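So the chains spell out like this:
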Amino acid sequence: MARGAREGWASPASPGPGGWLRPANRRPAAGGTPANRGSQLGSGAGLGGPEARRRGPTEGIMVGGLKRKHSDLEEEEERWEWSPAGLQSYQQALLRISLDKVQRSLGPRAPSLRRHVLIHNTLQQLQAALRLAPAPALPPEPLFLGEEDFSLSATIGSILRELDTSMDETEPPQNPVAPLGLQNEVPPQPDPVFLEALSSRYLGDSGLDDFFLDIDTSAVEKEPARAPPEPPHNLFCAPGSWEWNELDHIMEIILGS
Amino acid sequence: SKNQVHRRGEYNVYSTFQSHEPEFDYLKSLEIEEKINKIRWLPQQNAAYFLLSTNDKTVKLWKVSERDKRPEGYNLKDEEGRLRDPATITTLRVPVLRPMDLMVEATPRRVFANAHTYHINSISVNSDYETYMSADDLRINLWNFEITNQSFNIVDIKPANMEELTEVITAAEFHPHHCNTFVYSSSKGTIRLCDMRASALCDRHTKFFEEPEDPSNRSFFSEIISSISDVKFSHSGRYIMTRDYLTVKVWDLNMENRPIETYQVHDYLRSKLCSLYENDCIFDKFECVWNGSDSVIMTGSYNNFFRMFDRNTKRDVTLEASRENSKPRAILKPRKVCVGGKRRKDEISVDSLDFSKKILHTAWHPSENIIAVAATNNLYIFQDKVN
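Chains as they are written, first to last, in my numbering: chain A, 1 to 257; chain P, 1001 to 1387.
Heads up, some of the hints might be wrong.
Claimed, not checked - Pairs of lysine-lysine residues, derived as DSSO-like cross-links and limited to a Cα-Cα distance of at most 30 angstroms, are as follows:
no. : chain 1 : residue 1 : chain 2 : residue 2
1   : A       : 101       : P       : 1158
2   : A       : 101       : P       : 1345
3   : P       : 1285      : A       : 101
4   : A       : 101       : P       : 1038
5   : P       : 1158      : P       : 1069
Treat the hints as calculated values from the structure; they're not laboratory data.
Values in this document were obtained by computation on a predicted structure and should not be read as measured data.
Throw the hints in and build the complete structure from the sequences for me.
Listed below in structure tokens is the structure:
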């Protein structure tokens, strides 16, 4: 479809051979060297962090993060017949990438809602696809379709709930989730302990079992639950309440008064 | 200065000013970046220029004006501006205006704050020149230029339960002639046209533009790449143009079920979507522009490439904005991306493209063939070759 004109594009205003050019100007543009993080395809960060990646039969070819040395590989990828195990491996890789993105986007800056929604929708598609997928011949990791799946629901739900409570100043947090005493209390965005809890849950750490010991699993089937990682900070508190005094105290510390 | 002969296409810096400062929202423990998301000019009504600029949360109206005279000879103030003791004044004089070196000053005239909970992605000046709108991810507000402490909410797509949120507003624009009409685009690739006369809260659209999905192209990334990053009315007001990740589409306002034209910006990226998702490039928001006569459209791509599509001749061209490839007065050479097979001498292969060099912002002069192209931290201005 793309057919570059050989002589240069003919502009409608000036009939003739045309072409585009940069007029002479005196001063060079201000500013230093352009930021060049050298981001070419395939040279990005590895999948899912430093822990061992799941090895599927097609992993070496189809997943981003590996340097593609030969353009033939891309053609091969396009024509690849997806075996169930290969497809599963691909989907799991996408899942890890997506969860990694969610973690990394929680920071001191207000997160992009558009990005979160798009990743969320992609996660939901992946979750649906993984549920429908037949069980793989080699069980890649025993916990994957079990507990990780349920906690995936927890995360997907909690991501947007978090955004709601952290970004919206006019409305109280919706649908307090947990029966375990969380009430309306939601940890603030850049909570390192929360991030730690999240990462340990999804990146296959050995601490996964220990993490769930504290939680009453009977309630977990119906509603996703999280152990509050820290004294919760209610962002919508009434003056005079315990939370208000707590917040006041924090403000004093921040402002150094 | 305006009195000098204007050499076509040759621009110099006129004024530089800091529009926004970073802020910290203590209540939510969030930083608010000073980064400007959009700038829009107001139509010129006197010697001064007015523009709106916005970051994620606050819109500001700036006046940029020239000053080449200053008053001298005050009675009550001395040369440094200090007040004089009236008892020491024995004569009176009339202050006079004396010429001074030209100074261009920017002053903030209005600050429109505290109306957006989410990030502002668009601002659009209405054709009545009295109002404008600002859009964030979930809401669109209507402002009067004279009133800063109040705005009207005209679109609200926030669900009662945020967990049900699946779609956000990505861009919005007023119709160029009908001050009651505007459009907004979404992250699901849809465009809604609204008429403010229908109701105060434009919850129900007058028109709904969406192209049916191509089932053969379906993937996990279908929704992300359908997310519209920019929407622009044609100057005529008859068409709208939308930019999604891989294409530019032109829609006729009278036909809602599909665009009348679709242009492939960089279709060779379709097989790389997983990598582009991983390195976040798939979330890049490219803008698109019409030329003055609505016959050509332009948008940016990667590797400092930008693309132009002639709607009449159906010809397109890829050009590059970089110092090495554009000496002053040299005609830009068309570029070509090699998508497979043998790479010809002047072509560049997809894997050699630099994805950190992205052209997200471009502008076309309203009546001349002069374009501005932003490449990272350099601004390029090109004009067409005049015989």
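Restraint check for residue 101(A) with residue 1158(P), where alpha carbons must lie at most 30 angstroms apart = holds (23 angstroms)
query = Given the hinted pair residue 101(A) and residue 1345(P), is their alpha-carbon gap at most 30 angstroms?
reply = Given that 30 angstroms is the threshold and the Cα spacing comes to 39 angstroms, the pair is violated.
query = Has the given pair, residue 1158(P) with residue 1069(P), been kept, meaning a C-alpha gap of at most 30 angstroms?
reply = Not OK: residue 1158(P) and residue 1069(P) at ~52 angstroms, beyond 30 angstroms, violated.
request  = Quickly compare the C-alpha distance for residue 1285(P) and residue 101(A) to 30 angstroms and report which way the hint goes.
outcome  = holds (18 angstroms)
ask   = Regarding the pair residue 101(A) and residue 1038(P), is the alpha-carbon distance no greater than 30 angstroms?
value = Holds: residue 101(A) and residue 1038(P) sit about 26 angstroms apart, inside 30 angstroms.
Violated hints, in rising order: 2, 5; the structure is consistent with all others.
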